[in-house]
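Trainee: Sequence:
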Amino acid sequence: MASASPSWAILGSVPRVLAADADLPPGADLSLALPEPPRVAILTIPPRIFPGRTTSRSFPSVRAVDASGLLLLHADQGPAKGPTVIDLPSRRESCWRPNVAGYFVLDAKSASALPLPNPEYIMHPGHLGLIASPADAGHYMVAELQMILGGDRADLLCFSSEAGEWVTKDVRYPLPSRPFSPNGVVSHSGRLWWVDLSWCLLTCDPFADAPVLRVVPLPEGKALKSREAWGLLDKYRCVAVSG
1 MASASPSWAI
11 LGSVPRVLAA
21 DADLPPGADL
31 SLALPEPPRV
41 AILTIPPRIF
51 PGRTTSRSFP
61 SVRAVDASGL
71 LLLHADQGPA
81 KGPTVIDLPS
91 RRESCWRPNV
101 AGYFVLDAKS
111 ASALPLPNPE
121 YIMHPGHLGL
131 IASPADAGHY
141 MVAELQMILG
151 GDRADLLCFS
161 SEAGEWVTKD
171 VRYPLPSRPF
181 SPNGVVSHSG
191 RLWWVDLSWC
201 LLTCDPFADA
211 PVLRVVPLPE
221 GKALKSREAW
231 GLLDKYRCVA
241 VSG
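Using UniProt numbering, read the sequence shown as starting at 1 and increasing by one per residue.
These are computed hints drawn from the structure, not numbers from a lab. It is possible that some hints are incorrect.
Beta-carbon label-pair distances, calculated as ranges [unchecked claim]:
no. : residue 1 : residue 2 : range
1   : Gly151    : Arg48     : 36 to 44 angstroms
2   : Arg172    : Ile10     : 34 to 42 angstroms
3   : Asp170    : Arg57     : 34 to 42 angstroms
Glycine is no exception: its CB is placed at the ideal position from the N, C-alpha and C atoms.
Produce the entire structure from the sequences given, and follow the hints as far as they go.
Mentor: Written out as structure tokens, the structure reads:
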């Protein structure tokens, strides 16, 4: 990333996939130029990260970003040839998924990409967040909040770059029985913030040994009924870090 980059940027969520790996500079896993807003910055990745053909139904996407220059990319690795087996202490199952999941932590500063291990553990990319460690420069955490409708407990599935493996943290789920819309996850002030544009935000410190979820309501009069304006709200509402 150039030293003259602007202090903030608008990043397109769908990267451009090159025709060949060699189209990037030697040793680079990605390319990202940051034009002055309101021009949109487009991430460029090689086919070794997204080997499939980009279509309206199959495409890589940036799922989360952090002010440190880290990005979380969802890029499936092609059609699945068998069942997906999940073997965690709190979750054991076998299911069929159309594609082999792939998730990468990208570092825009070093132009590097690190594939996350065991991507099959992830249930929904819309509940997946990324945050740089506020206490240990160079380290980060990827976390997914996995809720069960009607339950008062949830799993916080965490991958720490320091530990190099996934761990599951049991958390109390403070909301009543209602689907929590997967409208993205924001990192701010050393915490992750899960966003439901129709209802509220949930936040916690994923680095804590025993994270505590806290509810942050929307401004008065802005909460909607479950599934009200489903599929439309992200055109009119947004939660992001400013300043």
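Trainee: Compare the structure with each hint and give your call.
Mentor: Evaluation of the provided hints:
{"no.": "1", "hint": "Gly151 - Arg48: 36 to 44 angstroms", "verdict": "40 angstroms, holds"}
{"no.": "2", "hint": "Arg172 - Ile10: 34 to 42 angstroms", "verdict": "36 angstroms, holds"}
{"no.": "3", "hint": "Asp170 - Arg57: 34 to 42 angstroms", "verdict": "35 angstroms, holds"}
When the structure is compared with the earlier hints, no violation turns up for any of them.
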